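Read off the chains here:
There are 2 protein chains.
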Amino acid sequence: MASSTHPCAPCAACKFLRRKCIQGCVFSPYFPPEDPTKFANVHKIFGASNVSKLLNEIAPHQREDAVNSLAYEAEARLKDPVYGCVGAISVLQRQVLRLQKELDATNADLIRFSSHQNILTPSSQSSGSSVQNAHVLPPNYGSYSWNYNA
Amino acid sequence: MASSTHPCAPCAACKFLRRKCIQGCVFSPYFPPEDPTKFANVHKIFGASNVSKLLNEIAPHQREDAVNSLAYEAEARLKDPVYGCVGAISVLQRQVLRLQKELDATNADLIRFSSHQNILTPSSQSSGSSVQNAHVLPPNYGSYSWNYNA
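Chains as they are written, first to last, in this note's numbering: chain A, 18 to 167; chain B, 18 to 167.
No lab work stands behind these hints, which were simulated from the structure alone.
Do not take every clue at face value.
Since the list gives no way to pick one copy over another, a pair counts as held whenever it fits inside one copy or between any two copies.
[To be verified] With a cut-off of at most 25 angstroms between alpha-carbon atoms, the simulated DSS-like pairs for lysine-lysine come out as follows:
1. 37 / 96
2. 32 / 118
3. 61 / 118
4. 37 / 118
5. 118 / 96
6. 118 / 70
7. 96 / 61
8. 70 / 37
9. 32 / 70
Bear in mind the structure is a predicted one, so any value in this text is a computation, not a measurement.
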């Protein structure tokens with residue numbers, strides 16, 4: 018059965034790859050023709066074939082999020098070829114550790130003050146309880162977990 | 018000029034790609050034969066050709082970091098095909114915002130206590146000054162910046 022071409026303009030992926038944009042093109046909903054850079058970036062970093070395979074393995078309602086996260090990663094890798102978006106993870110991890118340390122110190126000060134005064138305000142109580150939930154670092158990807166000390 | 022094969026065992030990349038591992042193989046220093054999964058993951062997500070191109074564009078002393086960050090991203094994408102390591106960025110961003118909010122509330126409490134007592138301890142002063150530096154979120158990658166509200 019011959020596939021019919023797409024009724025509208027070809028998507029950015031098919032235009033880039035110089036091929037017909039057929040009905041049901043897996044790229045078409047996520048790579049509109051007016052944003053050619055989005056596909057060019059994703060293609061340069063991941064390759065069209067890998068992206069197509071990935072999309073076909075994902076439920077349709079999650080494909081937009083998948084494409085956007087791939088576009089984010091691709092743009093990050095083009096801006097920073099060495100660290101890509103792992104650089105942002107590293108910045109954020111250090112920021113979380115620094116904030117946690119500051120919060121612990123500030124809570125210790127508050128506890129010291131309140132033990133002198135025997136007063137605990139509602140906001141200091143809420144800060145204290147959520148400190149215990151703050152050590153939720155992102156998943157550790159086995160032996161390739163990121164330890165970036167720059 | 019014929020390239021000579023690598024004197025040791027072929028690297029994981031050449032073994033995976035079933036080709037000779039020649040002297041000066043761009044993959045060899047970063048994909049040792051005893052860790053075949055590292056290359057398999059990177060190959061599945063980025064493709065050997067893209068990784069090879071990327072490595073050739075990067076200074077030799079930065080290639081190890083580049084390969085490790087690619088391996089981290091690849092493993093994250095295999096574990097979470099929809100969000101990949103952008104999921105970790107999202108978790109960390111929310112964590113930074115929550116900690117910052119808690120720290121602001123705790124500092125406000127401390128300021129209230131200290132204005133009653135007219136006392137500022139060294140640790141509360143240091144917490145207060147660094148609050149102003151805490152809003153350093155990772156770079157915003159243009160239109161593909163990540164807004165994940167799950």
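Verification of the hints:
1. 37 / 96: neither (31 angstroms within a copy, 33 angstroms between copies)
2. 32 / 118: neither (51 angstroms within a copy, 46 angstroms between copies)
3. 61 / 118: For residue 61 and residue 118, the Cα distance exceeds 25 angstroms both inside one copy (40 angstroms) and across copies (39 angstroms).
4. 37 / 118: Answer is neither; intra-copy 56 angstroms and inter-copy 51 angstroms both fail.
5. 118 / 96: Neither. Shortest intra-copy (31 angstroms) and inter-copy (30 angstroms) distances fail the 25 angstroms Cα cut-off.
6. 118 / 70: neither (43 angstroms within a copy, 41 angstroms between copies)
7. 96 / 61: both (13 angstroms within a copy, 22 angstroms between copies)
8. 70 / 37: within (19 angstroms within a copy, 28 angstroms between copies)
9. 32 / 70: Intra 19 angstroms, inter 23 angstroms, cutoff 25 angstroms: intra and inter.
This entry does not satisfy hints 1, 2, 3, 4, 5 and 6, going by the numbered hints stated previously.
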